[in-house]
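Required output: the full structure, derived from the provided sequences and hints.
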Amino acid sequence: MNLSLRKVALAAGCLMFAGQLLAEPKRPECIAPAAPGGGFDLTCKLAQSALVNEKLLTKPMRVTYMPGGVGAVAYNAVVAQRPADAGTLVAWSSGSLLNLAQGKFGRFDENAVRWLAAVGTSYGAIAVKSDSPYKNLDDLVQALKKDPGSVVIGSGGTVGSQDWMQTALIAKAAGIDPRKLRYVALEGGGEIATALLGGHIQVGSTDISDSMPHIQSGDMRLLAVFAEKRLDEPEMKDIPTAREQGYEIVWPVVRGFYLGPKVSDEDYAWWKNAFDKLLASEDFAKLRDQRELFPFAMTGPELDTYVKKQVADYKMLAKEFGLVQ
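Under mature numbering (1 follows the signal peptide of the UniProt record, and there is no 0), the letters of the sequence shown match residues -23 to -1, 1 to 302, in that order.
Quick caveat, the hints were computed from the structure, so don't treat them as lab data.
Because the structure is a prediction, the values reported are computed rather than measured.
Heads up, a few of these hints could be off.
Here are the in silico distance ranges between beta carbons for each label pair [to be verified]:
1. E297 with D86: 39 to 47 Å
2. D115 with N30: 37 to 45 Å
3. K112 with K254: 25 to 33 Å
4. P13 with D86: 27 to 35 Å
5. S109 with E212: 32 to 40 Å
6. D260 with P211: 14 to 22 Å
Straight-line Cα separation of at most 25 Å, BS3-like style, residue types lysine-lysine; simulated pairs [to be verified]:
7. K239 with K3
8. K286 with K263
9. K263 with K206
10. K22 with K292
11. K106 with K263
We treat Cβ as the ideally placed atom computed from N, Cα and C, and that holds for glycine.
Here it is, written out as structure tokens:
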């Protein structure tokens, strides 16, 4: 065999070996760490559809639900029980990072998993039923000033959660002690919407992507969205920001996926490559838009750096509210 043929054979062998290493995961699964119907569910189902549409997976991932602690149960289960399972993705959001910053995920911190991809962002929002007496953010603030305990607010998670933080920032801006507000802790956006529409709470601290189906049906209204400016979508353009109502609050809700800590570099690379292709696709951009998410694309080491910085920033915010020492 001459030298050039040997080079071709060697290259072919390397490609075959790489193909074996970077094989499609068997029995892929996406864990939504909350009850069905909220943002984690939305995130998993976005990837479920998109990975098959782009022919990156030959069959759809299963979507399973593991509620508890707004992500804590799933985080602990994957790290402790399924650390090397290459087929298991878990959805995360900015709220997950805020909880990690406060030590709410138990003995595991932000270094315990392999951060894989961020696929889009939503924004926090304050929701009410369509017949609510609160017509804007100031109506709500005036009611809270008069009697902070008179308004029942539903939030995903307990004191210190992302949803709690949104209303705490409003309270702080209005000179109200956030700890005097009356909260009902719920497990994600799906439960918040159910409780709000059922009359069990009067206000939902949630995010816009969870809320839009109920806004479009006419059952709910948003008093404010925590974006820098009004969102440039036909069904969102009339929703006022908190900023324009005099409350300087911006709260993006980034959404993505992580893998267990012992997933091999080869399997991690397969998933990273798949999401890099996905995030560059115009078809994916359309799917993301249909699910009321806005562009935010990051994978691999860049995402890992972003996550660690966000957790550090959230720790400072949590200290400001006396949530951590």
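Now for the hints, and whether the structure bears them out:
For E297 and D86, the Cβ-Cβ distance of about 20 Å falls outside the hinted range of 39 to 47 Å, so the restraint is violated. Between D115 and N30 the C-beta distance comes to about 44 Å, which sits within the given range of 37 to 45 Å. Our hint of 25 to 33 Å for K112 and K254 is violated, since their Cβ atoms are close to 46 Å apart. Evaluation of the 27 to 35 Å hint for P13 and D86 yields a pass: the beta carbon distance comes to about 28 Å.
The beta-carbon spacing between S109 and E212, approximately 19 Å, falls outside the hinted interval of 32 to 40 Å. D260 and P211 have their C-beta atoms about 21 Å apart, which keeps the hinted 14 to 22 Å range intact. The straight-line distance between the Cα atoms of K239 and K3 is roughly 17 Å, inside the 25 Å bound, and the hint therefore holds. Taken as a hint, the K286 and K263 pair is broken in the structure, with Cα atoms around 29 Å apart against an allowance of 25 Å.
Taking the CA atoms of K263 and K206, the gap is near 22 Å; set against the 25 Å cutoff, the hint holds. As the CA atoms of K22 and K292 are separated by approximately 30 Å, the hinted pair breaks the 25 Å bound. For the hint pairing K106 with K263, the CA-to-CA distance comes to about 29 Å; that exceeds 25 Å, so the pair is violated.
Checked against the numbered hints given earlier, this structure breaks hints 1, 3, 5, 8, 10, 11; the rest are met.
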